[in-house]
Amino acid sequence: MSAVIREAASQLVKSLEKLPQERVKHIVSLKESQLERFKAVAGLETNTQDAKQRPSMQDIKDIINRTSGPLGMQKEAMAKVNSMLPQEHYSVEALQEQTHAVNDLLNNKYKNYYSVGDKLMKPQGNPEYYQRLMDEIEGKQKETFWSAMRTVVFGK
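Just remember that our numbering sits 286 ahead of the position in the sequence shown, which is counted from 1.
Keep in mind that the hints are not guaranteed to be accurate.
[Unchecked claim] Label-pair restraints from in silico Cβ distances: (1) 330 to 410: 47 to 53 Å; (2) 391 to 419: 18 to 24 Å; (3) 422 to 367: 37 to 43 Å; (4) 292 to 401: 34 to 40 Å; (5) 330 to 368: 24 to 30 Å; (6) 395 to 439: 38 to 44 Å; (7) 308 to 433: 25 to 31 Å.
What the hints contain is simulated information worked out from the structure, not anything from laboratory work. Ideal Cβ positions, reconstructed from N, Cα and C, are used throughout, including at glycine.
Generate the whole structure from the sequences, applying the supplied hints.
Below, the structure is given as structure tokens:
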């Protein structure tokens, strides 16, 4: 890859590293998966422990391409799998667009543009609903069994 593409990818990696950790743990983290993907393009080292344990997309492509039929697959099925794998071609413009999009997320551009008013955030029927959800996600206040039952029965 050219030096310009590597530089654009390293700019994207710097922006991705600024993203906060996800509050709710998932099987796959958007931040970690994108960092792994673009560090390879930028020529940087990936230092995640999970990356060593599971195969990357490039490893999977290599396995498929070097064998005529892994796991007893027929040639037609292999051709179909090969055609379904994403072919990534990076351009400077595409990487700059992605960097711009990540920076917009970091600056809360869309949160500020599409602001939600109190009418939606504190509905008249249950004004504490969203605040209780956020407290539960952030681990501030754990609801007990009895308070959860009270919420279900009375709605507040």
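Results for each hint:
no.: 1; hint: 330 to 410: 47 to 53 Å; result: holds, 52 Å
no.: 2; hint: 391 to 419: 18 to 24 Å; result: holds, 21 Å
no.: 3; hint: 422 to 367: 37 to 43 Å; result: holds, 42 Å
no.: 4; hint: 292 to 401: 34 to 40 Å; result: holds, 38 Å
no.: 5; hint: 330 to 368: 24 to 30 Å; result: holds, 28 Å
no.: 6; hint: 395 to 439: 38 to 44 Å; result: holds, 41 Å
no.: 7; hint: 308 to 433: 25 to 31 Å; result: holds, 27 Å
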